[in-house]
Structures are given as structure tokens and as C-alpha cells.
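Read top to bottom, the protein sequences are chains C and X. Just add 20 to the spot in the first sequence (first one is 1) and you have the working numbering. Just add 264 to the spot in the second sequence (first one is 1) and you have the working numbering.
Treat the hints with caution; some may be incorrect.
[Unchecked claim] Derived DEER-like restraints, expressed as beta-carbon distance ranges:
#	chain 1	residue 1	chain 2	residue 2	range
1	X	Trp754	C	Phe48	39 to 49 Å
2	C	Gly36	X	Lys267	23 to 33 Å
3	C	Phe235	X	Pro501	23 to 33 Å
4	C	Phe48	X	Asp807	27 to 37 Å
5	C	Glu29	X	Phe792	17 to 27 Å
6	C	Ile196	X	Pro501	36 to 46 Å
7	C	Glu29	X	Phe747	37 to 47 Å
8	X	Asp807	C	Ser119	46 to 56 Å
9	C	Glu62	X	Thr581	32 to 42 Å
10	X	Glu272	C	Phe48	22 to 32 Å
11	X	Gly278	C	Pro238	43 to 53 Å
12	C	Glu62	X	Ala579	20 to 30 Å
13	X	Gly278	C	Arg118	30 to 40 Å
The set of hints was computed from the structure by calculation and includes no laboratory data. The beta carbon of each residue, even a glycine, is placed where N, CA and C say it ideally should be.
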Amino acid sequence: MSDHAYVPEIATTRDGVEHEVQGWQGDFYGGKLGFWLFMLTEVLMFGAMFMVLTYYFTLHHADYIEASAGLNRVLGGFNTVVLLISALTMGLGLLKMRSGDIKGAKLMIWATIFFAFLFLGVKAIEWSLEYQHGVFLGLDALQSGNAHSKPFGQILFFGMYFTMTGLHGFHIIIGIGLMLWLLKRINAGLVTPEHHILHWNIALYWDLVHLIWVFVFPYFYMIGADAGGYHIPDIGSLFGGHSNEH
Amino acid sequence: MSKSYFDETHCAIGHPKTKVMQWLLTIDHKRIGIMYAAVMFTFFFIAIATAMAMRIELFAPGAQIMDGDTFNQAFTLHGVIMVFLFIIPGIPAVFGNIVMPLMIGAKDVSFPRLNWFTFWLYILGCLIALSSLWTGNGFADTGWTFYAPYSLNTDTNVITTLVAAFVLGMASILTGLNFLVTIHRLRAPGMDFFKMPLFVWGIYATAWIQLLATPVVGITLILAILEKYFGIGIFDPAKGGDPVLFEHLFWIYSHPAVYLMILPAFGIMSEIIPVFSRREIFGYRTIALSSASIAGIGYLVWGHHLFTSGMSDIAKTIFSFLTFFVAIPTGIKFYDWIATMYKGKVILKTPMLWALGTIVTFAIGGLTGVTIAMVGADIHLQDTYYSVAHFHYAILGGVVFLFFAGLHYWFPVVTGRMYNETTAKVAFWLNFVGINLLWFPMFIAGYYGMPRRYFDYLPEFEIYHQISGIGAIVILAGLVLMFWNFLSSWNKGELSGTNPWEGTTLEWHLPTSPPPLENHTKVPYVDFNPYEYHHGEPVVKFDYETMKRID
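Can you build the whole structure from these sequences, using the hints too?
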């Protein structure tokens with residue numbers, strides 16, 4: 021089936037006035053509308069999680085702040101910058117595609133993929149550090165009724181932290197897959213400056229992924245920034261050094 | 265003989281030669297709708313078999329054929345299949361796919377390949393749900409609502425069922441998305457929103473609910489899965505979590521989902537009533553807008569499931585009043601339908617019989633819903649057979665009855681043939697008598713305190729259960745007769761012609777019956793209202809070669 025050879029039909033009124041019929045083939049605005057609607061479902065999914073987060077914040081205010089203070093703001097902040105830059109490269113790639121510079125567009129997509137991997141790498145380091153500090157799903161600190169148990173509010177905070185950053189990371193991984201697929205379609209000549217809805221929608225997806233992060237970051241990392249729990253990132257301990265007791 | 269969509273198709277991948285592959289890979293909305301129907305009704309009968317087993321168990325006090333644990337799994341299986349596999353995809357997946365694009369004069373839905381993918385996502389969800397019957401520690405025994413904290417503690421195979429529900433939810437979202445874009449983009453020139461047939465309005469309102477409510481239950485199910493696997497704590501009281509939060513999140517979706525079931529069914533009703541009264545529908549705009557407002561209000565009423573969970577009195581009162589509000593647009597629709605029939609030329613063919621029967625059964629189902637929306641009454645009736653009877657009257661006597669009405673009404677469009685009218689009428693009366701025998705006694709039993717989901721009961725409830733049991737047999741006979749009629753008529757029925765009912769909407773103006781691959785010969789220009797009758801005759805006539813009006 022060739023989408024590009026599609027010629028729209030004409031419907032004629034009784035007075036002979038002709039109207040072009042919108043077909044499903046090559047419907048750029050339909051494609052955009054569909055993807056915006058899909059993004060709306062993502063917003064609702066994360067929205068429900070933010071609601072859960074907020075509900076427990078009202079119940080366990082102090083615990084949340086203390087738990088948040090223990091997060092690594094340097095790595096988290098670094099990742100925020102990485103994601104924002106990746107959003108820039110993604111947007112530039114789309115601009116280049118629309119202006120006909122396919123080579124430049126591909127370069128920008130590769131750059132976005134690089135930043136996506138950088139984000140995941142930093143995230144992996146962050147989670148590993150937390151694991152070393154005994155804070156991870158399934159470890160004693162986040163179970164109830166033992167000597168290492170954290171208070172309720174902190175268990176809930178970290179439960180949501182790993183859930184939401186995990187699901188966000190999952191979206192990053194999906195995004196990398198989408199971008200690789202996009203590159204394949206560009207190389208096959210199926211995404212062109214005249215027919216770039218796929219590129220457009222993947223850029224939209226990527227914007228949503230960083231938009232969610234822009235809300236995740238302050239909610240988890242910044243609410244405890246004043247509480248004094250700040251510590252220097254202890255990357256050395258990940259590679260066998262001493263862990264930084266605080 | 266011209267070719268129909270049974271003879272040729274477009275496929276998602278390549279150009280397969282064999283018939284089987286052409287069906288499995290088809291992107292034709294009509295074929296996909298038929299495949300949905302085949303799978304869904306297979307599951308429908310599996311769920312009925314489970315229900316019959318429960319009815320046999322309940323025919324007398326004490327254990328008859330199963331123990332209590334098996335009974336728990338039986339009602340869970342019945343609920344999961346009926347809700348997630350049958351009634352939620354339901355009318356949109358079948359008639360939304362088959363009829364909606366025909367009604368708006370489109371060649372297909374906006375994203376035909378996504379539609380194909382969605383169908384297989386649905387099949388995947390079904391397979392995952394079924395697999396949990398034989399894997400792990402047996403099928404879930406939580407009821408279809410998976411309430412925390414029990415669903416987190418039971419060692420039956422809840423996780424698989426949760427995953428299945430999530431996958432089916434994804435399929436539902438993608439169907440809704442596809443239909444929304446289709447209705448916005450692919451209407452024939454001239455057809456503005458208030459020239460759309462009312463079934464399309466029903467599908468449109470439903471699609472918004474599918475899109476906006478399903479993600480919430482999706483993430484709730486994921487959180488429950490994470491809770492069970494990793495113990496994130498948010499529904500676990502031992503870690504400070506709140507199990508009632510699960511119930512809230514669950515019903516934020518699942519109550520709008522009730523309207524997601526009924527709105528397309530109301531759409532079918534709004535098609536059948538004017539056609540079989542040969543009269544323009546009364547209050548077109550009020551019906552269209554009441555669909556939209558039911559969809560809107562439906563979001564704000566979920567709390568009425570939780571009146572006994574320790575919610576504040578203020579919240580209870582607000583939720584109770586908001587629930588009453590749903591009855592207003594619903595009542596408007598009912599009056600509009602009855603006013604349409606007034607002084608019309610009512611023709612009692614089978615689709616109309618089903619529609620009229622539904623006015624009775626859904627009125628009972630709907631009004632008993634208003635009684636349990638009252639906080640005081642609900643405290644007494646919560647989790648009794650009263651609520652079981654209420655939602656079966658509303659869902660079986662509303663949604664499924666209208667689904668059946670639609671099956672009869674559009675049978676000629678789909679197959680090109682006519683079912684046997686006499687058999688169909690007998691089947692209707694069996695169903696209509698059956699539903700009342702089966703569920704009306706439950707209102708009384710529930711009022712006297714018979715709790716739902718119990719496999720045993722006190723002797724004084726025996727008479728109600730036995731009448732119900734007889735009703736179940738009657739309704740089963742009716743269902744078997746009806747589906748036998750469909751299957752045999754599909755092969756041997758009389759040819760129906762393109763417009764056997766003298767309908768006015770575009771699915772009755774196709775060049776052949778069954779329709780060709782890309783539907784109408786040409787896309788018509790729509791400068792008429794959907795139900796224009798003059799002295800009992802359709803006003804708008806087309807030349808089916810050029811799709812120009814010739815009236």
C-alpha cells in the first residue's frame with residue numbers, strides 16, 4: 021500500500037459544489053491529533069501517581085522532607101540538564117528535517133540518543149548508590165517491622181520514588197527504541213521532509229518524557245533541599261571505595 | 265456479482281494468499297469488528313457457563329458441586345471475563361468498528377493498522393487472562409475488582425490477571441483514540457457534529473471515557489503489581505499505605521467504565537427507535553448532548569462505591585447527589601425515545617422488540633441504581649443481592665440487550681442476509697422472561713439481607729435462589745436459540761438487500777450488501793439530518809453509483 025500516491029476523492033453537492041474528502045491516508049493533522057490524545061493518557065497515568073504522592077505528602081510531611089533530603093541532588097540535577105539538552109537536540113532535529121536537512125536531522129537524533137543513554141547511565145549510578153546505602157525496593161529499610169525499617173512516610177516516599185523514576189526510565193528506554201526505528205525509517209526514505217509525521221510525533225513524545233521529569237525532579241529532589249541532608253555524590257563507593265556514612 | 269469485503273481485503277503486512285492469513289492480517293474495519301465479535305461471544309458463553317455452575321451451587325443451601333474457594337474463583341472468573349473481555353470492549357469494538365465508519369461515510373478508521381494491532385493486543389490480553397487459570401496457584405479469588413489488601417495477600421495468581429487487565433486497558437485506550445480521530449477527521453463533507461447519527465455520538469462520548477479514564481486504572485493495576493512484587497507499600501497498611509486508596513483509584517476508572525458500556529448501547533437505541541417508528545427522532549440535540557453530559561458527570565460519582573469505607577459525611581453527601589444527577593440526562597433520553605414513538609408507525613420487528621424490552625429492564629436497573637445512590641439505603645443494601653440485581657438489570661438488561669438489538673438490526677449489513685424473524689422473537693421473549701425470573705427475586709433476597717459472593721445461605725433464602733435458577737435456564741435457552749438463529753441464517757437466510765428496514769443513515773445506502781471493501785462507491789455530500797422521514801417514508805434517496813441525491 022503506498023500512502024504517498026493517495027489522491028483524495030471529491031464529494032459533490034446537489035448544486036455541483038465540490039468538496040475534497042479527507043481520507044485516512046496521509047492525514048497529517050489526524051496523526052498529530054491521535055498522538056496528542058495518546059500523550060493525554062500518559063499525563064493521566066503520571067497524574068494519578070502524583071496524586072498518590074501528594075496524598076501521602078499531606079499525611080507524612082516531615083518524613084517526606086527527610087527522605088527527600090537523602091536523595092542525590094547533584095546527580096539528579098545533572099540529569100535534569102541532560103534531559104533538557106536532549107529536548108533541545110530533538111527539537112533541532114525536527115527543525116532540520118522540516119527544512120530539508122536530512123543529514124543534520126539524523127545527527128541530532130543520534131545526539132538525542134546519546135543524551136538518553138547518558139541519562140540512563142547516571143540514573144543507574146544513582147540507584148546503585150542508594151542500594152549501597154540500603155535504600156532500595158525489597159531491602160530491609162523499606163520493609164516494615166525490622167530494626168532497619170524507615171518510618172512509614174519514608175517507605176512510601178521511596179516506594180513512589182522508585183516507581184515513578186523507574187517508569188520514567190522505562191519511557192526513556194522506549195524513546196531510544198523509537199528513535200532508532202525513526203532512523204531506520206529515515207534511511208529507508210519513508211520519513212522525508214514532506215512526510216515527517218513520525219518524526220514530529222516522536223519529538224512530541226520526547227518532550228512529554230522530559231516534561232514529566234521536570235515535575236518529578238522538584239517533587240522528589242527539591243522538597244528536602246533545605247533540610248540539610250545534602251551530601252557530596254559518593255561515586256567512589258560504587259567502585260569499591262568506602263561508603264559515605266552520614 | 266460484485267465483490268464484498270468477504271472476498272478481498274487490505275492487510276497490515278504484505279499480500280497473503282491464504283484466506284486465514286488474510287483474516288489474521290486484515291486492516292478492514294468490518295472484518296476486525298467481526299473477529300472481535302467472534303472472540304467476545306465465545307468468552308461470553310464461557311462466563312455464562314461459570315455463572316450456571318454458580319447457580320447450580322446455589323440451588324440449595326450447603327455445598328452442592330464446589331467448595332467455597334472454588335466459588336470465589338468462579339465469580340472472579342465470571343466477573344473478569346464479562347467485564348474486561350466482553351462488555352468493556354463490547355459495543356465499540358464490534359459496532360464501533362463495523363458500523364461507525366459506514367455511518368460517517370469513511371473508507372475505514374483513521375489508523376487502520378493501529379486498529380489491527382489493537383485487536384491483537386486484545387487477544388494477547390485474553391490469552392494472559394486465560395493462562396492464569398492454569399499457572400501459579402490457580403485463578404484469582406478476589407472478585408473482578410481486585411480490592412486491596414486482600415488481593416495483595418492472597419496467594420492465587422492475581423498478578424497475571426492484573427497484567428491481563430492492563431493489556432486489555434491499553435487496547436481499550438487505543439480503540440478510543442482511533443475512534444476519536446476518525447470522528448473528528450473522517451466525516452463525509454457536509455456532516456457536522458449535529459448531522460451525525462446518534463450512535464456515532466454514543467461512540468464519541470464513549471471514546472473520550474476510554475481515553476481519559478482507562479489510564480488511571482492502568483496505573484493503579486501497575487501499582488498493585490509493584491506492590492505485590494516489590495512491596496512499594498502504598499496500598500499496604502503495614503507500611504503506612506492505605507488500601508482504600510486502591511478502591512478510590514480503581515473506581516475513578518471503573519465507574520466511568522459503566523457509562524462507557526451504556527453510552528454506545530443508548531446510541532443503538534437511538535438508531536432503532538426512529539427507524540422502527542418511521543419518524544424523525546424527538547430531541548436530537550438533547551440526546552446527543554445528554555450522552556456527552558453522562559460521560560462528564562460519570563467521572564464525578566465513583567465515591568458511591570465506597571459509602572461504607574469510612575468516607576466523611578460531606579463527601580458521601582456530595583457523591584450521592586452527583587450520582588442522582590446522572591439520572592437526569594438518562595431520563596431525558598428515555599422521554600425522547602418514548603416521544604419519538606408517539607404517533608409514529610411503530611413496527612414490531614425483533615430489533616424494536618429488544619429496544620422496547622430494554623426500556624423496561626433498564627428502567628428497573630437504572631432506578632434501583634438511584635435507590636442505592638442514597639447513602640442511607642446503601643448502608644443497608646451494600647454488598648447484598650440487591651446491588652447484584654441492580655447491575656445485572658442495568659448491564660445485561662441495558663447494555664447487552666441493546667447489543668443484541670444491534671446484532672439483529674445490523675445483521676443484514678454485516679452478512680447480507682436476514683435472520684429468521686419468528687425464531688428471533690421467541691428468543692427475545694425467552695430472554696425477557698428469563699432476566700426477570702433470574703434477577704427480580706434477588707432484589708427481594710438482597711433487601712432481606714442475602715449477601716453477595718457467598719456460596720452458602722440460610723434456608724429462608726432458598727425460594728429466591730431457586731426461582732433465579734429457573735430463570736437462568738430460561739435465559740440460557742433464549743441465548744442459545746438466538747445465536748443458533750444467527751449462525752444458521754448467516755449461511756441459509758434470505759438475501760436482505762441493502763436497506764431492509766428503510767433506514768436513513770449512511771450504512772443503509774451502500775451499493776451492495778454485504779458492503780464492498782472500501783464501503784460507499786463514492787463519498788456522499790451530507791446536507792441532511794440523520795433521521796428524515798416524511799409520512800413514514802425515508803426522505804433522502806441516493807443513486808448508489810454516483811452517491812448523488814435523487815429525491
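The hints, checked one at a time:
Hint check: Trp754(X) to Phe48(C), Cβ distance near 40 Å, so the stated range 39 to 49 Å holds. With their beta carbons about 31 Å apart, Gly36(C) and Lys267(X) fall inside the hinted range of 23 to 33 Å. Phe235(C) and Pro501(X) have their C-beta atoms about 28 Å apart, which keeps the hinted 23 to 33 Å range intact. The hint said 27 to 37 Å for the Cβ distance between Phe48(C) and Asp807(X), and at roughly 33 Å that hint holds.
The supplied range of 17 to 27 Å is met by Glu29(C) and Phe792(X), whose beta-carbon atoms lie about 20 Å from each other. For Ile196(C) and Pro501(X), the hinted distance range of 36 to 46 Å is satisfied, since their beta carbons lie about 39 Å from each other. With their beta carbons about 39 Å apart, Glu29(C) and Phe747(X) fall inside the hinted range of 37 to 47 Å. Separation of Asp807(X) from Ser119(C) is about 48 Å and conforms to the stated range, judged on CB atoms against 46 to 56 Å.
In this structure, Glu62(C) and Thr581(X) meet the distance hint of 32 to 42 Å, their C-beta atoms being roughly 34 Å apart. The hinted range of 22 to 32 Å is satisfied by Glu272(X) and Phe48(C), whose Cβ atoms lie roughly 28 Å apart. With their beta carbons about 49 Å apart, Gly278(X) and Pro238(C) fall inside the hinted range of 43 to 53 Å. Between Glu62(C) and Ala579(X), the C-beta spacing of about 29 Å keeps the proposed range 20 to 30 Å intact.
Under the hint 30 to 40 Å, the C-beta atoms of Gly278(X) and Arg118(C), about 32 Å apart, fit the expected range.
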